[in-house]
Amino acid sequence: MSLTADDVNKIAYLARLGIDARDTESYAKDLTGILDLVAQMGTVDTDNVIPMAHPLDQAQRLRPDLVSESNQREAFQAIAPQVEADLYLVPKVIE
Amino acid sequence: MHTKTIAQLTKGLRAGDYSSVELTQSYLERIQQHKSLNSFISVTGEQAIATAKQADALLAKGNAPLLAGIPIAHKDIFCTRGVKTSCGSKMLDNFIAPYNATVVEKLNAAGTVTLGKLNMDEFAMGSSNETSFYGSVQNPWATNTVPGGSSGGSAAAVAARLIPGATGTDTGGSIRQPAALCGITGLKPTYGRVSRYGMIAYASSLDQGGPMTQTAEDAALMLQTMAGFDPKDSTSVECEVPDYSAELNNSLAGLKIGLPKEFFDDALNSEMAATIETAINAYIKMGAEIIEVSMPNLKLAIPAYYVIAPAECSANLSRMDGVRFGHRCTNPADLNDLYIRSRGEGFGTEVKRRILVGTYALSEGYYDAYYIKAQKIRRLISDDFNTALKQVDVIMGPVSPTSAFGLGEKTSDPIEMYLADIYTIAINLAGLPAMSIPAGFIDKKPVGLQIIGNYFAEAKLLNVAHQYQQVTDWHQQTPNGFE
Numbered sequence: 006m007s008l009t010a011d012d013v014n015k016i017a018y019l020a021r022l023g024i025d026a027r028d029t030e031s032y033a034k035d036l037t038g039i040l041d042l043v044a045q046m047g048t049v050d051t052d053n054v055i056p057m058a059h060p061l062d063q064a065q066r067l068r069p070d071l072v073s074e075s076n077q078r079e080a081f082q083a084i085a086p087q088v089e090a091d092l093y094l095v096p097k098v099i100e
Numbered sequence: 002m003h004t005k006t007i008a009q010l011t012k013g014l015r016a017g018d019y020s021s022v023e024l025t026q027s028y029l030e031r032i033q034q035h036k037s038l039n040s041f042i043s044v045t046g047e048q049a050i051a052t053a054k055q056a057d058a059l060l061a062k063g064n065a066p067l068l069a070g071i072p073i074a075h076k077d078i079f080c081t082r083g084v085k086t087s088c089g090s091k092m093l094d095n096f097i098a099p100y101n102a103t104v105v106e107k108l109n110a111a112g113t114v115t116l117g118k119l120n121m122d123e124f125a126m127g128s129s130n131e132t133s134f135y136g137s138v139q140n141p142w143a144t145n146t147v148p149g150g151s152s153g154g155s156a157a158a159v160a161a162r163l164i165p166g167a168t169g170t171d172t173g174g175s176i177r178q179p180a181a182l183c184g185i186t187g188l189k190p191t192y193g194r195v196s197r198y199g200m201i202a203y204a205s206s207l208d209q210g211g212p213m214t215q216t217a218e219d220a221a222l223m224l225q226t227m228a229g230f231d232p233k234d235s236t237s238v239e240c241e242v243p244d245y246s247a248e249l250n251n252s253l254a255g256l257k258i259g260l261p262k263e264f265f266d267d268a269l270n271s272e273m274a275a276t277i278e279t280a281i282n283a284y285i286k287m288g289a290e291i292i293e294v295s296m297p298n299l300k301l302a303i304p305a306y307y308v309i310a311p312a313e314c315s316a317n318l319s320r321m322d323g324v325r326f327g328h329r330c331t332n333p334a335d336l337n338d339l340y341i342r343s344r345g346e347g348f349g350t351e352v353k354r355r356i357l358v359g360t361y362a363l364s365e366g367y368y369d370a371y372y373i374k375a376q377k378i379r380r381l382i383s384d385d386f387n388t389a390l391k392q393v394d395v396i397m398g399p400v401s402p403t404s405a406f407g408l409g410e411k412t413s414d415p416i417e418m419y420l421a422d423i424y425t426i427a428i429n430l431a432g433l434p435a436m437s438i439p440a441g442f443i444d445k446k447p448v449g450l451q452i453i454g455n456y457f458a459e460a461k462l463l464n465v466a467h468q469y470q471q472v473t474d475w476h477q478q479t480p481n482g483f484e
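Those protein sequences? They're chains A and B, same order as listed.
If you count by our numbering, then the first sequence holds residues 6 to 100, one letter each, in order.
If you count by our numbering, then the second sequence holds residues 2 to 484, one letter each, in order.
None of these hints come from the bench; they were simulated from the model.
In this text the structure is predicted, and so the values were computed from the model without any measurement.
Any given hint could turn out to be false.
Once the Cα atoms are required to be at most 30 Å apart in a straight line, the calculated BS3-like pairs of lysine-lysine come out as [claimed, not checked]:
(1) Lys461/B x Lys446/B
(2) Lys91/B x Lys97/A
(3) Lys391/B x Lys461/B
(4) Lys34/A x Lys300/B
(5) Lys262/B x Lys300/B
(6) Lys461/B x Lys12/B
(7) Lys411/B x Lys15/A
(8) Lys446/B x Lys286/B
(9) Lys377/B x Lys15/A
(10) Lys62/B x Lys5/B
(11) Lys300/B x Lys377/B
(12) Lys446/B x Lys5/B
(13) Lys445/B x Lys36/B
(14) Lys411/B x Lys34/A
(15) Lys262/B x Lys446/B
(16) Lys300/B x Lys461/B
(17) Lys62/B x Lys12/B
(18) Lys54/B x Lys12/B
(19) Lys233/B x Lys461/B
(20) Lys34/A x Lys91/B
(21) Lys257/B x Lys461/B
(22) Lys15/A x Lys91/B
(23) Lys34/A x Lys377/B
(24) Lys391/B x Lys377/B
Can you build the whole structure from these sequences, using the hints too?
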């Protein structure tokens, strides 16, 4: 599997990740190398193997649907880049 | 007093040989004196002295908790309320955590005194501490070599005796490999044993916090406080915490040690093989029995890991978006520009590489071929360990293929760096507990012995490690200039 600079740009956009244009070629080379390494997985037959999500095969716990958290808006918004009237500000989305 | 272990310091504090304030001041001076190691990202001296005063008051009353007054430091991946928690990244350089990780809460409640936050690979992604935004850390044994990673600051600081114990985290070897390269004791517990709440997530199905100390006895003391069920961590396991110090002195006569033949193949260099063999001979002398075991799927551990870990990291790190906390770019043109530039500026090269690999592996049409396939391989590897652990009590082998490598030696080739984790990664995939203990030197640089146990068998691992430390003194040696 060989990835091109174009592929890198597409993947980077999916991840909303800025990549310097000067670096796309080197990312393409590194990613190709990593995917080659990963391709070794193909050497073993896993048709009848159940995928393992948790080492102890533990299911997600359930709890009663009760309020357990207190409002900490001020503490959390104190470290936000931009806040106004208790809201997180981002550039306008809807014109 | 800086060469003393936590166990010795708890006695010294109670005997009145020194106060916690004196101890804290003495360690803070050492941290200042050896600043060039770059093992700390933040030093919280004033807070530490205030906490030490409280500990001294409790000690004077005679009802202080066991670790009261013991100075420690946290890997900068653990959230500490009111203190910068950077995770080694520019992205979180301005992040003052609004809450404490459960591990931090527990160690605070046990009376420990936090001296600061330790350097690490960015978001725990690295094996040399060279991906940190705050620069690489020097290995105190040879300052032109790496301390290992990602808990490189923790390992270097304990090795240099700047603190008697530290927290670390291990996703693919990040406690054990730096412990080995710095000549200290490191324990990665069973997945789910130590709460991940407030421990900034890299790969959630693999991440596990643990202690990094001089001795196994000290690791038992720290783990006793760190371990336990936490309702705030959805993968935390409800399983009673045993007394980790209770079995330390048990005899090892009849202990069955498994040696995976895949660990000792031609790829292992002869010096490392000889060092590990010497360590295993010490166990034979203590009455242990050696049994060869086989793990046919071990060679697939690194390929499976480099799907699972990046996939989970790409999801976990999507929360770093420049909106609610962390780095934000200046003058974003629109929302997409805000995300793309904030993340592009905030993350370093290795983190970007892994986000890209993970995003690709999870993208439409590739999920089954990569993530599901890797999870299936994960089960095969786990089955290999389970089969072996039916025949033996513990498995032993090297931690790292070599002793500490040179700063900059492996940074140009990411894959060469990944392969340095060949002996540690499979254990995270299986979710088993494992330790690294000092087992000798190659070229005057420390080498670790890895001890792997069954699920929740931390007490057994600590017993096996402690007994070795009764007949050897590798763990007591300190690097030149740090005695």
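Hint-by-hint comparison with the structure:
Of the supplied pair hints, the one linking Lys461/B and Lys446/B holds, its CA atoms being roughly 28 Å apart against a limit of 30 Å. Taking the CA atoms of Lys91/B and Lys97/A, the gap is about 26 Å. The hint holds against a cut of 30 Å. Only pairs whose Cα atoms come within 30 Å are accepted, and Lys391/B paired with Lys461/B is accepted, the gap being roughly 15 Å. For the given pair, Lys34/A sits about 23 Å from Lys300/B by alpha-carbon distance, which is consistent with the 30 Å threshold.
For the suggested pair Lys262/B and Lys300/B, the alpha carbons sit about 12 Å apart, so the restraint of at most 30 Å is met. Pair hint Lys461/B plus Lys12/B holds up; C-alpha atoms about 25 Å apart against a cutoff of 30 Å. This hinted pair checks out: Lys411/B and Lys15/A have alpha carbons roughly 28 Å apart, not beyond 30 Å. Using a Cα cut-off of 30 Å, the hinted pair Lys446/B and Lys286/B holds, with the two alpha carbons roughly 25 Å apart.
With a C-alpha separation of about 28 Å, the suggested pair Lys377/B and Lys15/A falls inside the 30 Å cut-off, and the hint holds. Among the hinted pairs, Lys62/B with Lys5/B is consistent with the structure: their alpha-carbon atoms are about 24 Å apart, no more than 30 Å. For the hint linking Lys300/B to Lys377/B, the alpha-carbon distance of about 14 Å falls within 30 Å, and the restraint holds. Annotation: proposed proximity of Lys446/B to Lys5/B holds, straight-line Cα distance about 22 Å (limit 30 Å).
With a C-alpha separation of about 23 Å, the suggested pair Lys445/B and Lys36/B falls inside the 30 Å cut-off, and the hint holds. For the suggested pair Lys411/B and Lys34/A, the alpha carbons sit about 16 Å apart, so the restraint of at most 30 Å is met. For the hint linking Lys262/B to Lys446/B, the alpha-carbon distance of about 26 Å falls within 30 Å, and the restraint holds. This hinted pair checks out: Lys300/B and Lys461/B have alpha carbons roughly 27 Å apart, not beyond 30 Å.
For the given pair, Lys62/B sits about 15 Å from Lys12/B by alpha-carbon distance, which is consistent with the 30 Å threshold. The hinted pair formed by Lys54/B and Lys12/B meets the criterion: a straight-line CA distance of about 18 Å does not exceed 30 Å. Restraint check for Lys233/B and Lys461/B: the C-alpha separation of about 28 Å stays at or below 30 Å, so the hint holds. Between Lys34/A and Lys91/B, the direct Cα distance comes to roughly 25 Å. Compliance with the 30 Å bound is thereby established for this hinted pair.
With a CA separation close to 12 Å, the supplied pair Lys257/B and Lys461/B stays within the 30 Å bound. Our distance criterion of 30 Å between C-alpha atoms is met by Lys15/A and Lys91/B, whose separation comes to about 24 Å. Restraint check for Lys34/A and Lys377/B: satisfied, since their Cα atoms lie roughly 27 Å apart, inside the 30 Å limit. With a CA separation close to 21 Å, the supplied pair Lys391/B and Lys377/B stays within the 30 Å bound.
Comparing the model with each earlier hint shows no violations; every hint is respected.
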